[in-house]
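Just so you know, the sequences run in chain order A and B.
Just so you know, we're using the working numbering here: the first sequence kicks off at 1 and counts up by one.
Just so you know, we're using the working numbering here: the second sequence kicks off at 1001 and counts up by one.
Worth double-checking, as some hints may not be accurate.
Claimed, not checked - Restricting the straight-line Cα-Cα distance to at most 25 Å, the calculated cross-link-like pairs of lysine to aspartate or glutamate (DMTMM-like) are:
hint, chain 1, residue 1, chain 2, residue 2
1, A, LYS266, B, ASP1007
2, A, LYS236, A, GLU251
3, B, LYS1075, A, GLU109
4, A, LYS266, A, GLU289
5, A, LYS258, A, ASP296
6, A, LYS70, A, GLU60
7, A, LYS140, B, GLU1030
8, B, LYS1016, A, ASP326
If you're looking for bench data, these hints aren't it; they were derived computationally from the structure.
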Amino acid sequence: MSSGFMSIGEIVRGVTGGKYSAAEITEMYIEKIKAADNTIGAFLAVCDESAVDQAKAIDEKIRSGKRPGKLAGVPVAVKDNICTDGIKTTCASRMLENFIPPYNATVVEKLLDEDAVIIGKTNMDEFAMGSSTENSAFRKTKNPRDITRVPGGSSGGSAAAVAAGMVPAALGSDTGGSIRQPAAFCGIVGLKPTYGLVSRYGLIAFASSLDQIGPLSRTVEDSALMLEVIQGMDEKDSTSYRGEYQKDYAESLGRDIKGLKIGVIKEYFTEGLDSEIASSVNESIRHFESLGAEVDEVSLPAAGDGLSAYYIISSAEASSNLARYDGIRYGYRAKDYADIDELMEKSRSEAFGAEVKRRIMLGTFALSSGYYDAYYNRAQKYRKLLKSQLAGVFEKYDLLLGPTSPVLPFRIGERSDDPLKMYLADIYTIIVNLAGLPAISVPCGRSREGLPVGLQLIGPHYSERTILQAAYALEQELKLEL
Amino acid sequence: MKISRDDVVYIARLAKLRFSDEEIAKLTGEFENILGHFQSIDRMDLENVNADVINKGQESVFRDDVNTVFPDRKKLFRNAGSMRGTYIQVPRVLE
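Construct all of the structure, not just a fragment, from the sequences and the given hints.
See below:
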């Protein structure tokens, strides 16, 4: 068995072909977690016993001649805001420190149906609010490429676990860039699917009109395989896509991208973009051209103004979604209180971290009488305008291209005292969520210091196949050793 | 935008959150800074945009309201602080 990176395909072929057992694979990855996670801090829980039991059941299934699943024996880490039956799901918050879901999220059921092994739960910014994973109530996660730096966020634990080789793939969630930005910071692939393509049932809500679950992996092909498994219509999610689903993301990789029309978002290459990121992305544009893609600069005037609308809408939805944590039925409850109001206020104030409280406050403000029109309504109008500008652009282009993040992975603590500066880290990723589009971050180079740079490809709704094909073409062309 | 300490205290009350005097002072400054940035949305021309129009092809999804029994009651109640018989016991919420 290889001790280096193993792709999903390699693991599945090995397990189903009898080269090694699912139990051996799982034990190998548990050893890797034990060896690396004291330094990295990617996991909040490692399910060593249940994972090995699950793997043994898969081995038994194969031995008895039953058809193995598409992810037979593949250990997958799951972000800790995705419900796992019998396994604590904390959202990295004191509020849910002892919360054990009575059911699996649909995506977890889908992974289990295809014989993946749930190996652990990963660290994140509390309730997915943050861009560095420093807002976790439990531990700081370090970037495996440079442990003095953050892994990005909010799915920083999932990204770090994959980048450090502790798992072949992980699930994250992306409300404003929380899969793509940590993928860029850690030098891996992160895919945010079209809103509705992957069920949100069992994803603990942050901003319901923006949240989406997606995969993080070392290669584009592995993200394609993961998407094939986790997507699908779900009666339990009323926003689930009810049309036809493409099923051949992995199979269609490697196809020619000659003639593919790519628009480079002009507004992303302005002040504030790190020059090393700009040069890596520009270099990749030349690669796309040499592969036969037609690349043009395109203006998307609304793209530069999305940050305010994003933070208004996401905070407003968060203030409403997090109102359920009242200390009454489940979650943290304050010890001393005189009446019901004090019970709620103390429970919430003691259990939520500073950033969560800040967002609830911002959202409450934006929805409050007298400010609703000026903030929330205008933000919704902006969202409409953005969608129509994007629809216009996608009449001419198959994909849009830009950097994933304006900055390289920053040092731990560097931005944590300045919330606005932290919010600016999301500036290139948020429009995708506001418009419900799919997008991928794929590694495209390294800075002089060796820090990873991510490139973002954005497509129209349900264009995951094209996005994955283009990302794959770049990945094969660059052959980066990260 | 000018934000006062009283504004922050008022919003905190709506949000069912409590802050120390020191936290309120810090939040007031942060709010002013963030809301100042949010005002960029005022500079945009959104006069002719109607956010209430539903996009073509989009429709509301309905389902029948069907009762189902959760298979494992013990699991379902495992996050309740305490139980009395088959009831979840909660702190007194009515005065």
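Comparing the hints with the structure gives:
no. : hint                   : in the structure
1   : LYS266(A) / ASP1007(B) : violated (39 Å)
2   : LYS236(A) / GLU251(A)  : violated (29 Å)
3   : LYS1075(B) / GLU109(A) : holds (17 Å)
4   : LYS266(A) / GLU289(A)  : holds (17 Å)
5   : LYS258(A) / ASP296(A)  : holds (14 Å)
6   : LYS70(A) / GLU60(A)    : holds (16 Å)
7   : LYS140(A) / GLU1030(B) : holds (24 Å)
8   : LYS1016(B) / ASP326(A) : holds (9 Å)
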